[in-house]
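Throw the hints in and build the complete structure from the sequences for me.
So the protein sequences, as listed, match chains A and B. Counting in the working numbering, the first sequence runs from 107 upward without gaps. Counting in the working numbering, the second sequence runs from 4 upward without gaps.
Honestly, the hints are just simulated from the structure, not real lab data. Don't take every hint at face value.
DEER-style ranges, computed between Cβ atoms [said to hold, decoys possible]:
1) E61/B to Q148/A: 21 to 27 Å
2) T111/A to S62/B: 18 to 24 Å
3) E177/A to R13/B: 27 to 33 Å
4) T161/A to R13/B: 38 to 44 Å
5) A160/A to E61/B: 44 to 50 Å
6) E172/A to T33/B: 30 to 36 Å
7) S115/A to E89/B: 18 to 24 Å
8) V6/B to N167/A: 16 to 22 Å
9) S30/B to A159/A: 21 to 27 Å
10) G55/B to T178/A: 36 to 42 Å
11) S30/B to S115/A: 32 to 38 Å
12) S115/A to S87/B: 43 to 49 Å
13) G63/B to A159/A: 47 to 53 Å
No residue lacks a Cβ here, since even glycine has one placed at the ideal position from N, Cα and C.
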Amino acid sequence: AQSVTQLGSHVSVSEGALVLLRCNYSSSVPPYLFWYVQYPNQGLQLLLKYTSAATLVKGINGFEAEFKKSETSFHLTKPSAHMSDAAEYFCSVRTGGSNYKLTFGKGTLLTVNP
Amino acid sequence: SAVISQKPSRDICQRGTSLTIQCQVDSQVTMMFWYRQQPGQSLTLIATANQGSEATYESGFVIDKFPISRPNLTFSTLTVSNMSPEDSSIYLCSVDKGGGGGETQYFGPGTRLLVL
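Next comes the structure, spelled out in structure tokens:
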């Protein structure tokens, strides 16, 4: 079975500060990992994905995430927060092949203070 | 990627009634999915809809409550039947795109349902 744990349901940063959103996964086989963002009153937008190529993955809007197998982590970072980054962020995992199911974490709400 | 639209975008319904949500994709896809996102919660998969076969429901979801149609490779509907206030949620449609192990799910904008 696969699972995802997002540490911190709410993260607050100042504009221009580093953004770090934590995600740990559990999977019995090499996983595919995804970060999605949900802006208020919108659906989910794919930020980035890891599919066993480079361990450092760059996504849209300046976000990146690093896959660390030894730590079973896939933390999301951005060097400098912008007001427009305020949203809910979801980490998800799938184990690939015929297993198409995505398992989502509970989400982290990012607040950016001026 | 995929461009997905949903109708309606939001609705307010009375308990005991039913609502059908439509999902349209800009390209042919094999697998379509329906999720529920209850207030302040993460996403829960309701069912997987493949064209030409019955939908596959996850534990806790049944066809009588959430009947799904998948008449072709670009369209699906989800009906929320005999609604109660507990059905107030965002309902999202998604599709699988890509291949060679790089399948990615893309999501529609969601349908925001309030049941009174």
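Evaluation of the provided hints:
1. E61/B to Q148/A: 21 to 27 Å: holds (24 Å)
2. T111/A to S62/B: 18 to 24 Å: holds (21 Å)
3. E177/A to R13/B: 27 to 33 Å: With Cβ atoms ~41 Å apart, the hint is violated.
4. T161/A to R13/B: 38 to 44 Å: holds (40 Å)
5. A160/A to E61/B: 44 to 50 Å: For E61/B against A160/A, whose Cβ atoms are near 33 Å apart, the range 44 to 50 Å is violated.
6. E172/A to T33/B: 30 to 36 Å: holds (32 Å)
7. S115/A to E89/B: 18 to 24 Å: Distance hint for S115/A, E89/B holds at roughly 22 Å.
8. V6/B to N167/A: 16 to 22 Å: holds (19 Å)
9. S30/B to A159/A: 21 to 27 Å: holds (24 Å)
10. G55/B to T178/A: 36 to 42 Å: At 38 Å between Cβs, range holds.
11. S30/B to S115/A: 32 to 38 Å: At 36 Å between Cβs, range holds.
12. S115/A to S87/B: 43 to 49 Å: violated (27 Å)
13. G63/B to A159/A: 47 to 53 Å: violated (35 Å)
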